[in-house]
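Participant: In order, the protein sequence lines correspond to chains A and B. Residue numbers for the first sequence follow the numbering used here, so the first one is 1 and each next one is one higher. Residue numbers for the second sequence follow the numbering used here, so the first one is 1 and each next one is one higher.
Source of the hints: derived by calculation from the structure; they are not laboratory data. Computed from a predicted model, the values in this text were never measured in an experiment. Virtual Cβ for every residue (Gly too), placed ideally from N, Cα, C. Watch out, some of these pointers could steer you wrong.
[To be verified] The following residues of chain A were derived to be distant from chain B, with all beta-carbon distances above 10 angstroms:
hint: 1; residue: 8
hint: 2; residue: 15
hint: 3; residue: 32
hint: 4; residue: 34
hint: 5; residue: 185
hint: 6; residue: 203
[What the hints assert, rightly or not] To give a feel for the contact side, a few chain A residues facing chain B, derived at Cβ under 10 angstroms:
hint: 7; residue: 88
hint: 8; residue: 103
hint: 9; residue: 104
hint: 10; residue: 178
hint: 11; residue: 182
hint: 12; residue: 186
These are the residues of each chain, in order.
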Amino acid sequence: MRILIVEDDLEAADAMERGLSEVGNACIRAADGEAGLTAARDSEFDVMIVDRMMPKMNGVELIETLRREGDQTPVLFLSALGEVGDRVAGLQAGGDDYLVKPYAFAELIARVEALARRRETGSVQTLLRVGALEMDLIGRTVHRDGKEIDLQPREFQLLEFMMRHAGQSVTRTMLLEKVWEYHFDPQTNVIDVHISRLRSKIDKGFERAMLQTVRGAGYRLDA
Amino acid sequence: MRLPRIFRTTPFRLTVLFLALFASAAMGLLAYIYVATAGEATRRTDEDITREMHSLVAAYGRAGVDGVNQSVIERAASERPFLYVLMGADRKRISGSIAESPVDNVSGAPTWTTFSVTDQDSQGHTVKHPARGLQQQLGAGPILFVGSDVGGDEAYLARVVGALQGAGALVVVLGLAGGVLMSRNVTRSMFSLTEVVDAVRNGDLSVRAQVRGTRDEFDELASGVNEMLDRLERSMAGHRHAGDAIAHDLRSPLTRLRARLEVAYLDVEAGKGDPTQALAQALEDTDGVMKTFSAVLAIARLQAAGTAPDPVLFDPSELAANISELYAPLCEDKGIDFGVELSQNLQARGNREFLAQALANILDNAVKYTPSGGAIMLRVRRRSSGEIEFSVTDTGPGVPDADRERVVQRFLRLENSRNQPGAGLGLSLVAAVAEAHGGRLELAEGPGRVGEIGPGLRVALVLPRPA
């Protein structure tokens, strides 16, 4: 993937570039909003990581400008501000996801991958398939190896999200945000319990476990 | 040199300013009265003298020097208020009513003269009065002087001037005294406020200005200042608490983190051991630190803002249902009986995000402290007061009576929960969310003690009735 990092904190940008390059991405860096705008206009990227607070042109202005010019590259906002209003403002400006500093690196990578993936599957799907797992989005049914799996509505949503991001790590925070639409970190392992229920339904009695725990990151659904 | 305090007060300065303005106006008025009075008296005397002169000149015209002399003698003997002197052309006195000879060089035309006339007062003392008169040479012959004792007029005018001066002095004295009195009054009213400001400047936020109940502008100012101080004190306490919380909740994990990294570093340097385990642990510690950090930050922000951002009308039962759905499996796994009782058709106003988090924190706490085999009940109802109440009752160890208020008020951790990190901050956030919504956090005893279990805790987040 080609990733544009627009971040004025050079050390943070360094760490980001190293981490993202290590998992096979090509990173271009810009140290302020104007440089970011030039870089974004110059070439195509799969994802842009944009700090909200920057000299010359802040992240929100940068993305508003790019969106006006028709650039639809997925954007992950980084911000030291974590209030509800800040996130809403970032998303309204055309950001696709929002991550508050300080963040865990696994969280950043998971979100970047999720953003890049979302772009690939632009068309409306009615059937999701991951390996032997099939989800009918119209009939609200799930089958594995042809055997129907009975899921509660929330479990269905959870699995749908996992299937849409199959092969990628998704974090607990992402699940809480995207499936439950809560933007806070619970003290307890509520998400783990939901995952383990889902796991027992889709993996129990089958030879191979599809729903994997990724240490230090979250979960991954493998084909 | 600094003036005494009372002279530096605004009311006093204003008084002096107004006094100066008033005194100037009064002086102008008095000066006009003086000029009008004095001028009028002189003018009338002069008219009378001129008329008398005319009549004597007419007598001269009719009967010559003798005629005038006759008239002067007659008139001098009469009660007429005039002074007469008749002299011959050789300046020899012919007749007259006064001893003085106020006549100086006469060139023919009538001339006014001012002089002193000798008189005797009621005690027989010789006194001099100011006098004024007209002298005229009659034809080429005798010189006639007609005058008037203006001592009475002058004395009257002197009295007027004296009265005016006295009045002026009285105005100034009364004005200054009034100014001092007013200043003292206002200063006394301001004094308590000044004291409060001084105390606050010296760091004491607990002082309050006295509200006297007169409902004047000073009372308004005093209660305004008091409200401001209340809010400031709360906010400062919040910040101090946030600082304490950061220190308390971050110090131990940071110390642990540092120690772990140090040990790993030493191990690697000595060429023994695999640092992966230590690093993984360090990462986990960091996550904990970050969680604490964002919780403290959220609390500080809410307390600083004072109100919840982006409030909306929503169904509190629906919010609770969503949260309960998130926590139900957790309770089931822990062997806790989780019950939910939601009243229908309720409305509340607030920030859903914060309220959901507050409710999640309460449930987190309940799950954490309720042993397996216990129960948790989540209720949403409308109190008879119209307030909306979210309550979570558990069968955990509860909070001792004496500590409940402390837990709510000062968000302190309980001694026995020290080994369960984050509990203090969890409820702190709930309290901050409640306060930001104009509501409150209430702690009460749970269902009571049954054997080893209980007495439990009932945590209620109460929101005001939506307007």
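Participant: For each hint, tell me whether it holds in the structure or not.
Facilitator: Evaluated hints:
The claim that residue 8 (chain A) lies off the interface holds: its Cβ sits roughly 21 angstroms from the closest Cβ of chain B, which is beyond the 10 angstroms cut-off. The claim that residue 15 (chain A) is not at the interface with chain B holds, since no C-beta of that chain comes within 10 angstroms of its own (minimum 14 angstroms). Distance check on residue 32 (chain A): its Cβ is at least 26 angstroms (rounded) from any Cβ of chain B, clearing the 10 angstroms threshold; non-interface status holds. Under the 10 angstroms C-beta cut-off, the non-interface status given to residue 34 (chain A) relative to chain B holds; the minimum distance is some 30 angstroms.
The beta carbon of residue 185 (chain A) sits about 6 angstroms from the closest Cβ of chain B, which is not more than 10 angstroms, so the claim that it is off the interface is violated. At roughly 17 angstroms, the least C-beta separation between residue 203 (chain A) and chain B is larger than 10 angstroms, which holds for a residue marked as non-interface. Checking residue 88 (chain A) against chain B: minimum C-beta separation of about 8 angstroms stays under 10 angstroms; hint holds. Look at residue 103 (chain A): its Cβ gets to within about 8 angstroms of chain B, closer than 10 angstroms, so that hint holds up.
Restraint check, residue 104 (chain A) versus chain B: the minimum CB separation of about 6 angstroms is within 10 angstroms; hint holds. Look at residue 178 (chain A): its Cβ only gets to about 14 angstroms from chain B, farther than 10 angstroms, so that hint breaks. The beta carbon of residue 182 (chain A) comes within 6 angstroms of a beta carbon in chain B, closer than 10 angstroms, and the hint placing it at the interface holds. At about 5 angstroms, the closest approach between the beta carbon of residue 186 (chain A) and any beta carbon in chain B falls short of 10 angstroms, and the interface hint on this residue holds.
When the structure is compared with the earlier hints, violations turn up for hints 5, 10 and for no others.
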